[in-house]
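Visitor: For the record, the sequence lines run as chains A and B.
With the working numbering, the residue at position 147 of the first sequence is 147, and numbering never jumps.
With the working numbering, the residue at position 121 of the second sequence is 121, and numbering never jumps.
Certain hints may be false.
To be verified - A few chain B residues facing chain A, derived, Cβ under 8 Å: (1) Pro38; (2) Pro40; (3) Thr43; (4) Arg198; (5) Ser199; (6) Cys201; (7) Arg209; (8) Val210.
To be verified - The following label-pair restraints were derived from C-beta to C-beta distances: (9) Trp171(B) x Ala92(A): 17 to 27 Å; (10) Arg107(B) x Asp68(A): 21 to 31 Å; (11) Arg353(A) x Thr143(B): 26 to 36 Å; (12) Arg353(A) x Pro44(B): 20 to 30 Å; (13) Arg108(B) x Trp307(A): 51 to 61 Å; (14) Pro38(B) x Arg192(A): 30 to 40 Å; (15) Ile168(B) x Ser99(A): 34 to 44 Å.
It is worth saying that the hints were derived from the structure and are not from the lab.
The beta-carbon is built from N, C-alpha and C at its ideal position, and this holds for glycine as well.
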Amino acid sequence: MSARLRLLAIALLGFGLTQRALPGEGGGVLVLSSSEYADGQWTSGCLSESLKKLDPKLALVDANVVKDALYPWLDSDLLEDQASEEAILGSAMLRQRASELGIRYIVGFTHTTKDGDLKGPFLCAQSGCLGVGVIRRETRISAYLWDMQRGLEASNLGGHGKAHDLLLGYVLPVWIPMGGSTKHLACTDLARHLSRIMQGDPDSALAAVPAGDAAAASLAVQAEQTFNEKSALAQTQERREEAAQIENAGKVFARFEHSQWSSFESPQCKRSIWSPPAVGGAMIVSERGVAWQVHPSGAQGHGAPIWRQLPVENIEEVLPPQKAKLLPDRSIRVRTTDGSCMEFLALGRDAPRERIEQASEALRVVVANRTASRVSASANTSVADNVT
Amino acid sequence: MKRPLSLLALSALAIAVTRADAAVAVQYTQPIGAPSLPAPLITPLALDVVLCVPQRMHDARIRLSGSARHQNGNLDLGEIANNAGTLRDVGDAATASVQTAFSASFRRVTVVPDCATLAAHPQGSLLVIEPALDYVDVRVDCTLGGARCAVSTVGFTFTLRSLRDGSIVSWQVEGRATRPRHPGDYDYAGELLPNALRSACARTLASLRVNADVKSWLTQNGGGEGVLK
Numbered sequence: 001m002s003a004r005l006r007l008l009a010i011a012l013l014g015f016g017l018t019q020r021a022l023p024g025e026g027g028g029v030l031v032l033s034s035s036e037y038a039d040g041q042w043t044s045g046c047l048s049e050s051l052k053k054l055d056p057k058l059a060l061v062d063a064n065v066v067k068d069a070l071y072p073w074l075d076s077d078l079l080e081d082q083a084s085e086e087a088i089l090g091s092a093m094l095r096q097r098a099s100e101l102g103i104r105y106i107v108g109f110t111h112t113t114k115d116g117d118l119k120g121p122f123l124c125a126q127s128g129c130l131g132v133g134v135i136r137r138e139t140r141i142s143a144y145l146w147d148m149q150r151g152l153e154a155s156n157l158g159g160h161g162k163a164h165d166l167l168l169g170y171v172l173p174v175w176i177p178m179g180g181s182t183k184h185l186a187c188t189d190l191a192r193h194l195s196r197i198m199q200g201d202p203d204s205a206l207a208a209v210p211a212g213d214a215a216a217a218s219l220a221v222q223a224e225q226t227f228n229e230k231s232a233l234a235q236t237q238e239r240r241e242e243a244a245q246i247e248n249a250g251k252v253f254a255r256f257e258h259s260q261w262s263s264f265e266s267p268q269c270k271r272s273i274w275s276p277p278a279v280g281g282a283m284i285v286s287e288r289g290v291a292w293q294v295h296p297s298g299a300q301g302h303g304a305p306i307w308r309q310l311p312v313e314n315i316e317e318v319l320p321p322q323k324a325k326l327l328p329d330r331s332i333r334v335r336t337t338d339g340s341c342m343e344f345l346a347l348g349r350d351a352p353r354e355r356i357e358q359a360s361e362a363l364r365v366v367v368a369n370r371t372a373s374r375v376s377a378s379a380n381t382s383v384a385d386n387v388t
Numbered sequence: 001m002k003r004p005l006s007l008l009a010l011s012a013l014a015i016a017v018t019r020a021d022a023a024v025a026v027q028y029t030q031p032i033g034a035p036s037l038p039a040p041l042i043t044p045l046a047l048d049v050v051l052c053v054p055q056r057m058h059d060a061r062i063r064l065s066g067s068a069r070h071q072n073g074n075l076d077l078g079e080i081a082n083n084a085g086t087l088r089d090v091g092d093a094a095t096a097s098v099q100t101a102f103s104a105s106f107r108r109v110t111v112v113p114d115c116a117t118l119a120a121h122p123q124g125s126l127l128v129i130e131p132a133l134d135y136v137d138v139r140v141d142c143t144l145g146g147a148r149c150a151v152s153t154v155g156f157t158f159t160l161r162s163l164r165d166g167s168i169v170s171w172q173v174e175g176r177a178t179r180p181r182h183p184g185d186y187d188y189a190g191e192l193l194p195n196a197l198r199s200a201c202a203r204t205l206a207s208l209r210v211n212a213d214v215k216s217w218l219t220q221n222g223g224g225e226g227v228l229k
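The shape of chain A in the complex, shown without the other chains (with noise of 0.2 Å):
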């Protein structure tokens, strides 16, 4: 998230407080707060409605009370920044005082778009309208999850809703509506993530394993964040194909929105790569390695994108975070099995230091083991070889 430097916020802002009902405790609570805004304030209300529904033990409480009682920390404005994000969840004052108010996680959604189009024979001049239309509305809201217990986070979760409409002229337009709200439609459609990961095991679903193992509490948020960002994903026609790497990556470390790569220099490279200017867009870091987009002309924005892959076969090691003149410890830095270096930069406030930094563990993490396995073999080949 959060803080993600989040994107212009149509519905800024609904905060769900919830307790988890442990097994034989009877009913958790479950907090929205209104929000500033009229969509904000109906989003909440909608989740409200929809959580409710989807598991009654969630009791609805006045999530005012809970921001007076944490605050400053959930005013509205503070949560755009990372910084802030990062002192709330790290903060073991917060979480105790979350502890007591009984709240285990909180819920906030950052921004919600919508997009649409007309497409089919129809057209209309002075005389009148003729053909038949269909038009397509979609509308998602973007939310995040956290555990206020153990300080972890799930951000990128989502709420996706699609309908289309019929539009038919003859003479004059009549336009035919065969789908419900789409608005309300994500809202839906993100409650049901939410209780997802609520109804489920938390413990699966956020943190696996213990707290301060970066690598691996970076999977088990991550594999949560998999699932959405594939079903979000698979449902854009233009995205397809990243959901098909999404897809073909098996166990997603994290996925940045802005991202290019560049070769760098130090006594560890060989070579350098050849690094077109400002190419970048999506960048997947995965357990089978890094899959990044570039663009054919070499410029961001032109042509259509291509995706390129640096398997985890030929990684040789994944380089320590270094201070970086323009971006410190916000590069992903590999030697490859060629003696070449790459280094993979994610930009912009989707990208948090802490997910790469957790991304780059992880990616680690499975470049030793690799080796290890490697060398293990090797030996035990050796072995062999002598022994016959």
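Take the given structure of chain A and dock chain B to it, following the hints.
Guide: Just chain B, lined up with the frame of chain A:
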């Protein structure tokens, strides 16, 4: 002839409504009070400081925009206070908010009214905080998600000055509050400004804990890492 006349009448009505907005939006129906702030969940920094509240806190200019733009354009708070009778309270509310925020942020805060008379600062104080209210902005022409809204922002600049060597660090804080516009409800400033001040207080409280420049400066000039614990 009837239809054009009807349209004309509607247009005239729309203009009248807009002007009504403009007229009443600056007639604050209630005094602008300081927000009631909850006890902050923050550990005070281990420092004794002096907070001086300069006259500039009351000299900020209020900016009104959108359909609420006052016919005189931008007015400073004193002028608005004379016109509307209550808006001078904004300066007082801002001052009170800042005092509340800093009182919670440090072990001991001594408030002095004039930054120029700091020669007699209390013994033991290492730092002086100089707040300034830069702007108060009320807009009633915003839209969000297709809905009409009103938004207020208040901007502060804070300066920390070392009493030892005069070194300083400055940072800015903006508080913001937004709400939908409801027909017939025009008391935007009365509701929004206290909320914007609450937001500014929250940011001020947090900034001392999360602003890297401020933390670094406090560590260097406030007695080491211990002040931040």
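Visitor: So, for every hint listed, does it hold in this structure?
Guide: Do the hints match the structure? See the list:
no.	hint	in the structure
1	Pro38	holds (4 Å)
2	Pro40	holds (6 Å)
3	Thr43	holds (7 Å)
4	Arg198	holds (7 Å)
5	Ser199	holds (5 Å)
6	Cys201	holds (7 Å)
7	Arg209	holds (6 Å)
8	Val210	holds (4 Å)
9	Trp171(B) x Ala92(A): 17 to 27 Å	holds (26 Å)
10	Arg107(B) x Asp68(A): 21 to 31 Å	holds (24 Å)
11	Arg353(A) x Thr143(B): 26 to 36 Å	holds (35 Å)
12	Arg353(A) x Pro44(B): 20 to 30 Å	holds (28 Å)
13	Arg108(B) x Trp307(A): 51 to 61 Å	holds (60 Å)
14	Pro38(B) x Arg192(A): 30 to 40 Å	holds (34 Å)
15	Ile168(B) x Ser99(A): 34 to 44 Å	holds (40 Å)
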